[in-house]
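A.B. asks: Here's the letter readout for the chains.
2 protein chains.
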Amino acid sequence: MDFVKIKNVHMKPSFLSDLMDKVADGMIPYQWQALNDLVPDAAPSYCMRNLRAAAGEIKAPHGGCVFQDSDLAKWIEAASYTLAWKPDPKLEEEINEAVRLMEKAQLPDGYLNTYYQLTDITKRFTNLRDHHELYCAGHLLEAACAYYEVTGKRRFLDVMERYVDLIDRTFGSEDGKLPGYPGHEEIELALVKLYSITQNEKHLKLAKFFIDQRGQGEGYFNEEAVRRGESTAWDRSVYSGNRYYQAHTPVRQQNKALGHAVRQLYLLCGMADVARETQDEALLKVCREMWKDVTRRQMYITGAVGQSAYGEAFTFDYDLPNDSVYGETCASIALFFFALRMMKAKPLGEYGDICDTLLYNGTISGMNESGDRFFYVNPLECVPERSEKSQPHRHIRPSRQKWFGCACCPPNLARMIANLPACLFLHEGSTAYMNLFSSCEAEIPLEGGCVRLACETKYPWDGKIALRIKESFPGFRLALRLPRWVKTYELTVNGKTPETVMDEGFVYLEGLASGDEIVYDLHMPVQAVSAHPRVTQDAGLIAVRRGPVVYCLEEADNGKNLSALALSRQAEFRCEERMGAVCISAPAKRLSEEGWDEYELYASDRVPVYEDVTARFIPYYLWNNRGEGEMRVWVRALS
Amino acid sequence: MDFVKIKNVHMKPSFLSDLMDKVADGMIPYQWQALNDLVPDAAPSYCMRNLRAAAGEIKAPHGGCVFQDSDLAKWIEAASYTLAWKPDPKLEEEINEAVRLMEKAQLPDGYLNTYYQLTDITKRFTNLRDHHELYCAGHLLEAACAYYEVTGKRRFLDVMERYVDLIDRTFGSEDGKLPGYPGHEEIELALVKLYSITQNEKHLKLAKFFIDQRGQGEGYFNEEAVRRGESTAWDRSVYSGNRYYQAHTPVRQQNKALGHAVRQLYLLCGMADVARETQDEALLKVCREMWKDVTRRQMYITGAVGQSAYGEAFTFDYDLPNDSVYGETCASIALFFFALRMMKAKPLGEYGDICDTLLYNGTISGMNESGDRFFYVNPLECVPERSEKSQPHRHIRPSRQKWFGCACCPPNLARMIANLPACLFLHEGSTAYMNLFSSCEAEIPLEGGCVRLACETKYPWDGKIALRIKESFPGFRLALRLPRWVKTYELTVNGKTPETVMDEGFVYLEGLASGDEIVYDLHMPVQAVSAHPRVTQDAGLIAVRRGPVVYCLEEADNGKNLSALALSRQAEFRCEERMGAVCISAPAKRLSEEGWDEYELYASDRVPVYEDVTARFIPYYLWNNRGEGEMRVWVRALS
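In the order they appear, the protein sequences are chains A and D. Per my numbering: the first sequence = residues 4 to 642. Per my numbering: the second sequence = residues 4 to 642.
Keep in mind that the hints were calculated from the coordinates and are not lab data. Treat each hint with caution, since some may be false.
Chain D is nowhere near these chain A residues, computed Cβ spacing over 10 Å in every case [unchecked claim]:
#1 Phe407
#2 Glu431
#3 Arg480
#4 Ile521
#5 Thr617
Computed cross-link-like contacts, SDA-like style, restricted to lysine to any residue with a CA-CA straight-line distance of at most 25 Å [claimed, not checked]:
#6 A/Lys259 / D/Asp600
#7 D/Lys490 / A/Pro611
#8 A/Lys205 / A/Gln282
#9 D/Lys592 / A/Arg609
#10 A/Lys208 / A/Asp5
#11 D/Lys499 / D/Gly478
#12 A/Lys259 / D/Glu391
#13 A/Lys349 / D/Glu603
#14 D/Lys392 / A/Arg246
#15 A/Lys259 / D/Ser390
#16 D/Lys259 / A/Trp599
#17 A/Lys392 / A/Gly630
#18 A/Lys8 / A/Asp91
#19 A/Lys392 / D/Thr252
#20 D/Lys392 / A/Arg400
#21 D/Lys563 / A/His535
#22 D/Lys405 / A/Arg239
#23 A/Lys461 / D/Ser607
#24 A/Lys490 / D/Glu601
#25 A/Lys563 / D/Lys259
#26 A/Lys295 / D/Asp600
#27 D/Lys295 / A/Glu388
#28 D/Lys392 / A/His535
#29 A/Lys259 / D/Glu596
#30 A/Lys467 / D/Asp608
#31 A/Lys490 / D/Asp608
#32 A/Lys295 / D/Lys563
Partial list, computed: chain D residues near chain A (C-beta under 7 Å) [unchecked claim]:
#33 Arg299
#34 Ile304
#35 Ser311
#36 Glu388
#37 Ser393
#38 Val532
#39 His535
#40 Pro536
Note that beta-carbon positions come from the ideal geometry of N, C-alpha and C, so glycine has one too.
Modelling step: build the complete structure from the supplied sequences, incorporating the hints.
C.D. replies: Below you can see the structure in the form of structure tokens.
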């Protein structure tokens, strides 16, 4: 079971193709400027400068974070995907220039990391805990795989295979090798990508080694710290020590998502990949438990994860503060990647549901409408004055930024979106699974033949999905995801209700022939959503959702003090087109300040006085496109 | 206008006398043990060890914080007050021992601070910003004044007058003096106390200098930092720099409470004292504006202040997070002191109302029932798991502690409570004002004669206050505070309704003669209190209050997940005696988990299912006397 490749899915005008165009036309060129330090008034990236210096073409000290190389890597990965659906010789030339520099910068033994090459190369591989070497290697490897898959050109892949050979000679359980593992997981999943190209068992074995070595014994990060002459006290102080790195216990004994959210989720991606490639049912079971822990006990309604700014970390079950959440864009993206991998392991509708949740909410909230301003943190409630004056809320920026000193999120978003065509369909045996809904044409290779189909939909604004089978073969089976938010739907084939089988979130259709017209109509009323009663922060509150899209109130539409608004669960919601989206309004009540003055803070004789108002909701991902102001997702329920 | 002195008010068995007994019999001896590092498993104090070392009687390095001397000072102040109403030769001997050591430790020029004397004396007065020298001097001075006022013995006062002389020679606007002011305000108010004893104008002038010099020009803390060879960058980074110290602008131009809450409030105490002593109406106006800002826009319903753990600081208007509040016990105490001073400047009922709020809620919540465990932070919501696992909540300790490395709060509470007799009555002209209600006998010197009266009440559990005039004089006027929470009351003199005048929170009674029996019956129903609609954190919530006492829900009575409980504003509240207090219960609803399972975090088809339960409330100050568990003050309102 695997996803249908990017080249086999041709996107047609749709919500997703608009996102992709934004990436190709806006974010990719903008980020190339950023990587070359050419964006005025933005934090410099130093990425290309570092690479040129490492290649000996200029003299410059290393700039930026220790993991700066990964920003370039993610950009190359994103740019490579766009080449699959929007060829662009100039862009390919830019990638080639970066690859040329990497080839030149690479040391004879294969090493490639601008931080150590421009500081003290003798210290390489001495601080896996903090210095992101293997993380950067992983991202470069993902980029090389993407570029190879799209262009068929091996140059970058050759560079990275040489680097991986060095890493393989350096790390492992054999005598003379270091029994280490990355401080920031990423290379595990990248090695499985490499393995899927090379089919070289040593690549898979190295990924499995990094996963199973993690958290063994007293912990490699402590050994390393002692070798550096440092104490092991960090393990009891910094972000809860090894737990921050998911290295407190072997991964097969882990059952709670904890520590740094992106680290945790990239690890889970690697685990799911290795489990699938090695048919390791026990490891997959751990992934399933962790999936449940993340998505059913520690995930916001927008898909955001990582409740705490301290350590950008998970906290505990049902702890979902809306106004102090971290919810890093990268963490949402990482959860999207994890969902895709879980889907590849077993097609359950819920994995696709979470893809939808992330795709239409917690990931793309990370960028503005024009794709040149970015959020690192994605709160569900923002009061700008609080961000300014209350320390625990200072990480909640009330406006998207041009770039960041640590700019992991923007290129991550670009690579996720640029690769969306490869997230729509899966194939297994003679069955094609439709995971995401978008207008497109797809060619799906299956056992027994190839299927070609066309899809038309205005999803997520409309639940109607029209599919036309352009080519089929006997025995072909089509599985359409039935999202969990759907309460009623209609399905017809050539206008008639077909026989279907429902199983774990998919509707299975058989006997489809060329020319068949399928209409899959997911009824999409506005819904008032409650959180589990154990989520103390959402007690008495509702969120407004329509289809997969979560909505929010903004000051621009509703004035200041959004906490004063209250809504009936049974309110008559109205939809309207606004801001290029379906927006929602509903009759609501606003707690009046009548009878209160500034000389009174508490009163016992106040029966709340409400004014009738219209609450106006916009899709959450669109917030902060009209200046700074309050925003909130969870609204007080009147009933 | 001033308060009737401690020796003139004899407490009778009452809520307040119980507190005082707890201080005299429990806290004072316990804290003496703590100051002598004799409490097992508690953070050491080092106070007496530092003093012995400074006196040359032992060899030991300085231990504890730079402001450690102040803990001893506050303890002496507390112990001195208790001597006024509970003579105890052994206790006086302990005080004398400390005073003897101070006298011996004092340098020939008057300097007295164990930190600098045991580290590097050449550095004294070089870091007013951080090193609390003037703060410690202020507390020692308050202690010396208290000890002198109660015992009439000058030895300690003499020591402190010598130290004040040195400070006066060191600081001031004259040539050759340092134009500095304390990093932690306190000495200003202490100097006015000294002035009230000495009537030496230079003491008042020095207090006024420290107040008016504050925030002038580029700021003394910057000058000082430059002299120490440090940068002035701190002013843009640490806790918002000079704002943390209320030194960002001259105090007469300040109109918002900001920065460190205890600093801000001690400054305001000093300002109110100086304004009153110098008839400085402009300065008093600033105090009034600040009073409003604190109590009407930044104060919790318990009286707690300082919303942010970062900088233990004020934040902004109507920002009152219940679960991440700092609400330091010392800040509540400081606000109590500020209220007393405002009352002395002008008798408004609201000052006494806030005294009540603090006295029955946000101050005494800082100690347990037996007076040997203390809270530094006083949250209005506590979820122990959150305190453990969520960094922004780690300062919210779910249990009171034996002692603290920074132990400012326990002795502060002791000195506040031990001095309560001096907070009951004020005298002005021929009028006696009753500020606090407690069983007592009082002898009140007034223009025109002396009044003696006896009071009996079960306040705060019962609103009935019975007063008997034992001695009076023609023209005597009695002003009884009418708390703002009172909606109805009855007042009789000898069984008949007298003529009264109501003015700004006081009921004025004239023509009282010896033998008159006054019954002042404040009706005390349970009240459902709302916060101002701009307090986003309390939107849709109510707090339960009866008289001045604020109530809370505890897990011990109501199970886990208190956020699931909801209550009608019109609920039928029942009172019951429990835990030595009036507790409250009410029919309530508990959001059921019926229909939810651990596999579901959000759902759109959940009409909330409520179970009928009884919500059981205890007085807020009594929380955490039955082990660790959840607590919350603000409860969801059903109506």
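A.B. asks: Could you run down the list of hints and mark each one as holding or not?
C.D. replies: Do the hints match the structure? See the list:
1. Phe407: holds (20 Å)
2. Glu431: holds (25 Å)
3. Arg480: The claim holds: arginine 480 of chain A sits with its nearest Cβ about 27 Å from chain D, beyond 10 Å.
4. Ile521: holds (26 Å)
5. Thr617: Correct as stated: the minimum Cβ-Cβ distance to chain D is 19 Å, above 10 Å.
6. A/Lys259 / D/Asp600: Distance of about 18 Å is within 25 Å: holds.
7. D/Lys490 / A/Pro611: Between lysine 490 of chain D and proline 611 of chain A the Cα gap is close to 18 Å, so the pair holds against 25 Å.
8. A/Lys205 / A/Gln282: holds (17 Å)
9. D/Lys592 / A/Arg609: With Cα atoms ~21 Å apart, lysine 592 of chain D and arginine 609 of chain A stay inside 25 Å; holds.
10. A/Lys208 / A/Asp5: This hinted pair holds, its Cα atoms lying about 21 Å apart.
11. D/Lys499 / D/Gly478: Holds, at roughly 20 Å.
12. A/Lys259 / D/Glu391: holds (16 Å)
13. A/Lys349 / D/Glu603: holds (20 Å)
14. D/Lys392 / A/Arg246: holds (12 Å)
15. A/Lys259 / D/Ser390: Holds, at about 18 Å.
16. D/Lys259 / A/Trp599: Distance ~21 Å between lysine 259 of chain D and tryptophan 599 of chain A Cα, so the pair holds.
17. A/Lys392 / A/Gly630: holds (19 Å)
18. A/Lys8 / A/Asp91: Within the cut-off at roughly 20 Å; holds.
19. A/Lys392 / D/Thr252: Cα-Cα ~18 Å, so holds.
20. D/Lys392 / A/Arg400: holds (24 Å)
21. D/Lys563 / A/His535: holds (15 Å)
22. D/Lys405 / A/Arg239: holds (23 Å)
23. A/Lys461 / D/Ser607: Roughly 23 Å between the alpha carbons, so the hint for lysine 461 of chain A and serine 607 of chain D holds.
24. A/Lys490 / D/Glu601: holds (21 Å)
25. A/Lys563 / D/Lys259: holds (21 Å)
26. A/Lys295 / D/Asp600: Holds, at roughly 12 Å.
27. D/Lys295 / A/Glu388: holds (20 Å)
28. D/Lys392 / A/His535: holds (20 Å)
29. A/Lys259 / D/Glu596: It holds: about 22 Å lies between the C-alpha atoms, which stays within 25 Å.
30. A/Lys467 / D/Asp608: Since the Cα atoms of lysine 467 of chain A and aspartate 608 of chain D sit roughly 22 Å apart, the hinted pair holds (cutoff 25 Å).
31. A/Lys490 / D/Asp608: holds (9 Å)
32. A/Lys295 / D/Lys563: holds (23 Å)
33. Arg299: holds (5 Å)
34. Ile304: holds (5 Å)
35. Ser311: holds (6 Å)
36. Glu388: This hint holds: glutamate 388 of chain D lies near chain A, its Cβ roughly 6 Å from the closest one there, short of 7 Å.
37. Ser393: holds (5 Å)
38. Val532: holds (5 Å)
39. His535: holds (5 Å)
40. Pro536: Holds, because the Cβ-Cβ distance from proline 536 of chain D to chain A comes to roughly 5 Å (cut-off 7 Å).
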